[in-house]
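Novice: The listed protein sequences correspond, in order, to chains Y and H.
Take the first sequence: its letters are residues 1 to 654, numbered as in UniProt numbering.
Take the second sequence: its letters are residues 1 to 654, numbered as in UniProt numbering.
Just so you know, these hints were derived from the structure itself, not from any lab.
Here the structure is a predicted model, which means the values were calculated and not measured.
There could be a bad hint or two in this list.
[As the list claims (entries may be wrong)] Residues from chain H shown here face chain Y by an in silico Cβ test under 8 angstroms; the list is partial:
no., residue
1, Gly79
2, Gly606
3, Glu631
4, Gln632
[What the hints assert, rightly or not] Residues of chain H placed beyond 10 angstroms of chain Y at every Cβ, according to the derived structure:
no., residue
5, Asp5
6, Gly112
7, Glu208
8, Gly213
9, Asp224
10, Arg252
11, Leu285
12, Asp453
13, Lys520
14, Ala596
15, Phe611
16, Arg613
17, Ala653
A virtual CB, placed ideally from N, CA and C, is assigned to each residue, including glycine.
Protein chains: 2
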Amino acid sequence: MMRIDYHQDGLTEEQKAELNGMWRRCVRRILAATTLAGSGHPGGSMSSLHTLLLLYSMANHRPDNPAWEDRDRIVVSMGHISPGVYSVLCEFGYVKEEEFLLEFRRTGSAFGGHVEHYVPGVEWNTGNLGQGLSAGTGMALAEKLKKTVPSRVFVLMGDGEQQKGQIAEARRFAVKYGLSNLVGIVDRNHLQIGGKTECVMPQRVRDEYRAAGWNVIYVEDGNDFDQLFAALRRVFLMDVDDPSRPTVIVARTVMGKGVSFMENNEKYHGMPLSEEEAARAFQELGMENPIPELKKKLASHRQFRPPYHPAVSAPTLDTGVPRTYGTDVKTDNRSAYGAALEDLARLNNSGPVPRILGFSCDLEGSVKMTGFRKACERAFYECGIQEHHAATVSGAISREGFVVFFSTFGVFGVCETYNQHRLNDMNGTWLKVVCTHLGLDVGEDGPTHQCIDYVGLLRNLFGWSIFIPADPNQTDRIVRLVANMPGNVFVGMGRSRTPVITDTEGRPFFGGDYTFVPGKADWIRRGSDAAILTYGSTVAQAVEAWQVLKDQHGIECAVVNCASIKPFDTESVIRASETGLIVTVEDHNVETGLGAIVASIIAEEGLSCRFIRLGVHRYGQSGKPIELYREQGIDSRGIIEALLEARQKGWLAA
Amino acid sequence: MMRIDYHQDGLTEEQKAELNGMWRRCVRRILAATTLAGSGHPGGSMSSLHTLLLLYSMANHRPDNPAWEDRDRIVVSMGHISPGVYSVLCEFGYVKEEEFLLEFRRTGSAFGGHVEHYVPGVEWNTGNLGQGLSAGTGMALAEKLKKTVPSRVFVLMGDGEQQKGQIAEARRFAVKYGLSNLVGIVDRNHLQIGGKTECVMPQRVRDEYRAAGWNVIYVEDGNDFDQLFAALRRVFLMDVDDPSRPTVIVARTVMGKGVSFMENNEKYHGMPLSEEEAARAFQELGMENPIPELKKKLASHRQFRPPYHPAVSAPTLDTGVPRTYGTDVKTDNRSAYGAALEDLARLNNSGPVPRILGFSCDLEGSVKMTGFRKACERAFYECGIQEHHAATVSGAISREGFVVFFSTFGVFGVCETYNQHRLNDMNGTWLKVVCTHLGLDVGEDGPTHQCIDYVGLLRNLFGWSIFIPADPNQTDRIVRLVANMPGNVFVGMGRSRTPVITDTEGRPFFGGDYTFVPGKADWIRRGSDAAILTYGSTVAQAVEAWQVLKDQHGIECAVVNCASIKPFDTESVIRASETGLIVTVEDHNVETGLGAIVASIIAEEGLSCRFIRLGVHRYGQSGKPIELYREQGIDSRGIIEALLEARQKGWLAA
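Given the sequences, and given the hints that come with them, work out the whole structure.
Specialist: So this is what it looks like as structure tokens:
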């Protein structure tokens with residue numbers, strides 16, 4: 001494997017010859033793989049190839065152990081240059097050439113159209129542009145936290161991609177936290193799908209990085225190994241204007257570099273050569289055309305390279321002793337979350353390296369992270385009003401050996417950042433997103449701040465768990481539990497004070513020894529006339545309604561708290577249906593939340609029961625939560641009215 | 001009403017005295033309203049008050065006609081300073097003081113916690129930060145398109161807000177399209193909720209605007225009317241470095257300006273004074289405390305100011321004659337969309353002002369907007385890889401007298417921009433979002449590009465219609481129809497070629513006189529053993545399955561095309577249930593799409609039928625669409641297998 005020492009003054013002739021040989025083999029692979037697949041992105045793969053080759057030659061990494069802890073990270077943010085990346089990984093022994101060439105973009109293959117970590121050597125799945133730099137900041141921050149001599153993190157980006165706003169956010173975060181080990185590299189080929197970057201969206205890339213406070217190095221010819229080496233050498237040696245800051249290398253390159261008719265032609269951004277064009281290209285390069293031979297092999301190629309699954313190693317936390325809030329306590333779930341999080345910090349962050357980290361977006365106080373911060377200042381990261389970046393950076397660092405909590409309001413942590421969490425999910429992150437201020441319960445801040453779609457959104461992400469506690473006691477227990485849960489977890493809560501939910505004896509239902517079990521609902525009240533299924537802020541309303549229905553109307557309803565929205569407790573719905581009437585109640589869009597989940601179970605299981613959904617039917621107003629609940633019929637009165645109406649229709653035995 | 005001529009060299013003493021009088025009344029209102037409501041944001045309302053007052057004094061606007069076409073627009077991007085905005089609107093006669101003071105943040109009121117257009121004089125609902133500048137660019141662009149002397153658009157922004165990436169995107173767009181009539185004003189009080197902006201997220205605001213190519217004017221004391229007038233005068237007179245470019249005024253202000261203990265205290269960003277504190281403040285200001293009097297009135301205040309609903313006036317387009325694609329045609333829905341859109345441009349954009357506009361994000365060719373662009377270059381806006389901005393700018397301009405289409409891939413136009421469309425929805429925009437590359441049908445580009453959650457996401461937005469055509473003929477008809485539809489509309493399609501759907505006689509089902517009716521499904525095939533409900537790319541699979549089931553297995557299924565996902569055809573589900581078995585098939589997350597809608601109807605209507613959902617159960621791979629369909633059981637074979645299995649279970653009469 002090629003290894004170049006950055007202490008050298010320059011590249012030797014032998015090294016250049018070897019690099020050029022590698023370059024030729026990689027170009028051949030890029031062209032062959034894309035033409036063979038009939039799709040893919042050769043243009044940018046070729047413009048950035050010199051950079052990739054030199055980077056892998058100079059960086060610390062071990063192909064025999066792609067997860068080696070002390071490796072430098074190379075994040076490729078413009079995931080469409082996968083043919084270039086895979087070609088280079090062949091050169092360094094991560095994968096075999098023929099695997100890549102025969103499996104690229106084929107169903108069942110690890111070699112996807114955009115880089116994925118199923119191929120060893122790939123650090124982060126990308127494809128949606130603009131997120132790679134944020135992911136890189138997460139890795140760079142993890143290194144800074146863990147080591148006195150942190151490894152470097154290189155993030156290769158496209159120049160069209162620089163238009164994404166999230167990059168501006170990541171730049172600021174990197175400066176704020178002094179990520180001197182972070183190096184951005186912009187493949188400045190001045191072309192994107194739509195043509196010249198100057199025509200599609202004019203942008204002064206270097207000025208923007210300078211304005212953000214980064215060191216900027218310009219490489220006049222980014223397809224020249226000598227010039228690139230000189231630039232990379234500087235960053236390895238920290239020979240930059242301000243070594244305490246991150247650095248970007250802007251390398252002027254040529255799209256399609258190496259094949260005359262591909263050069264500077266945006267057509268080849270996202271289109272492969274035809275077989276005839278490929279033949280011409282190989283001829284021009286003085287290479288044998290590998291395609292006919294590969295096509296023969298293709299027919300019999302059945303055994304695909306198994307996908308690589310990098311392990312996530314989060315520490316196991318001491319989760320302490322749950323707090324029990326008595327019925328006399330008037331608090332909100334947010335505060336219970338904050339107290340539990342502070343406990344976790346005190347129990348686990350006393351060592352030199354914090355084990356649990358917190359991220360927020362200018363809402364530390366509102367989301368009750370202040371106790372956590374004060375318990376361990378160096379474990380808390382204030383991201384500013386930059387939610388897209390915050391979602392990605394917290395996701396990325398959750399794969400680096402930390403337990404990570406990201407908290408903000410629901411509308412910012414879910415609605416605004418859905419696509420970032422989607423990419424996190426594909427990257428197999430282990431992020432805990434705890435959002436406060438869900439629902440109409442936000443009250444006076446009005447509709448822009450009322451997140452009434454968190455279930456509707458997050459249910460689309462296959463890897464996420466969703467838990468919505470009913471009261472401070474359940475919040476405490478859920479927060480402690482998820483701290484040690486694998487995968488991505490969402491925990492949601494409203495803004496207002498919540499009464500402690502009790503059993504029929506008046507004791508805290510979720511206090512003491514209560515254990516939250518994902519996938520299991522809590523039967524808070526028994527009753528055989530109907531079953532009210534609910535979660536979060538409306539549980540208290542349902543319990544209130546239960547009492548009135550029982551005392552004043554002789555109706556005995558079961559009340560079921562479905563705090564575990566995903567995984568969901570199908571069994572409880574089946575049991576609930578035996579009452580003959582299921583009523584779902586939620587401070588959430590009535591079409592896309594609990595009601596939709598329960599309806600699917602009723603329909604798929606063929607349950608015969610009546611079914612009523614109560615929820616939010618239109619954007620809320622600015623007003624007191626209880627008045628907004630009333631307006632949309634999800635307060636206790638609304639529940640009572642629904643049950644009485646059901647009785648009038650003859651839907652109740654009672 | 002105060003009117004100040006910007007041709008003046010400076011403010012007269014009389015004007016300053018009047019402005020100061022206005023300022024005092026407004027401060028009084030801000031403090032009274034927030035304290036009375038018990039919540040709200042007085043701090044920023046007071047730091048930006050001088051700016052707001054002067055702006056409304058100098059700008060062209062008519063309180064007697066808030067929708068006056070020639071008005072200058074004032075967009076307030078940090079919507080939380082609503083108390084300041086409403087106070088100023090009282091001063092200029094838009095609303096009555098007492099209405100505001102007694103109704104602020106109360107259920108049923110127009111005076112929400114964040115500015116909303118229900119109050120006349122408010123141009124754009126905000127609350128989610130970072131979107132106002134994009135909205136303003138839309139308005140500025142509309143003016144440039146419509147007039148030789150365009151009105152000005154002022155966008156007042158917070159300084160914490162500058163951290164949002166979308167602002168960087170909007171800045172570039174404004175420069176690219178020469179929006180010299182756009183003026184940003186940054187209320188630089190150096191505080192945000194979390195404390196000093198320098199601590200929360202350091203940022204060189206002016207450097208960033210300069211790097212983006214904006215004119216930058218700095219006001220040393222933004223709480224001084226003389227200095228502010230001098231700056232505003234320059235932008236009115238176009239006395240800036242480069243009058244062809246947009247300008248930003250960065251005004252250094254003091255949060256809580258005017259009350260000693262509020263000044264420079266971030267606590268008052270989002271917290272009102274207590275009654276005691278308010279009394280102290282009024283005393284310090286030498287004002288009578290209005291709160292006791294107002295509290296008395298509050299009890300009997302019942303009749304709220306009705307919300308103002310600004311009319312949206314989109315032109316009615318000539319939609320021409322639908323194209324019919326014969327069964328011999330091999331094309332994709334994207335191309336049919338492109339052709340219809342081009343027809344619309346040719347029919348409607350020949351005048352000096354285009355009536356229909358197109359926006360895209362570096363994917364013009366892929367989303368087939370090239371014909372449209374070529375038909376009318378000045379009607380096409382290439383936004384670059386800046387989807388957040390594109391969603392907002394296209395939304396904003398859709399309220400300014402244009403029919404607006406925004407097209408990109410589903411994952412960028414829905415997943416990435418959900419929250420922008422959410423705010424568009426609250427703003428009552430009339431945007432047509434046409435997304436291509438939906439579903440596993442994207443194929444080789446892999447999971448990051450496969451949008452399998454568009455129904456699951458968009459169904460959360462109350463105001464959006466969702467249509468997913470089955471073939472090129474239906475695409476053509478839907479596109480022509482939505483061109484003249486009010487409200488926000490989503491039209492979605494896959495990437496691949498789609499066979500023309502035929503009737504049993506082999507004639508194009510959606511050709512000729514077929515009319516698409518929102519809320520009505522198409523019964524493509526009849527059959528009484530079961531009903532297959534589907535939409536989009538899987539309709540052809542269902543029709544294929546229908547034939548095999550009929551010919552080879554003696555099973556007669558109805559095939560129902562549910563192109564109108566929202567509004568939905570409940571009646572057709574009821575009819576379908578009469579077969580005894582409903583099968584939904586979709587290239588979409590199986591939990592959150594058509595299956596969820598149909599399940600809800602089955603459960604709510606108490607329909608007794610068996611129910612099977614076919615859809616996407618995990619993120620797709622990179623491979624050929626039909627192979628990916630096979631893998632997840634949504635190709636014709638998967639449908640056939642599901643029906644045969646159902647028969648084995650005895651779920652079919654046949």
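Novice: Please write out, lowest number first, the hints stated earlier that are contradicted by the structure.
Specialist: 4, 6, 7, 8, 12, 14, 15 and 16
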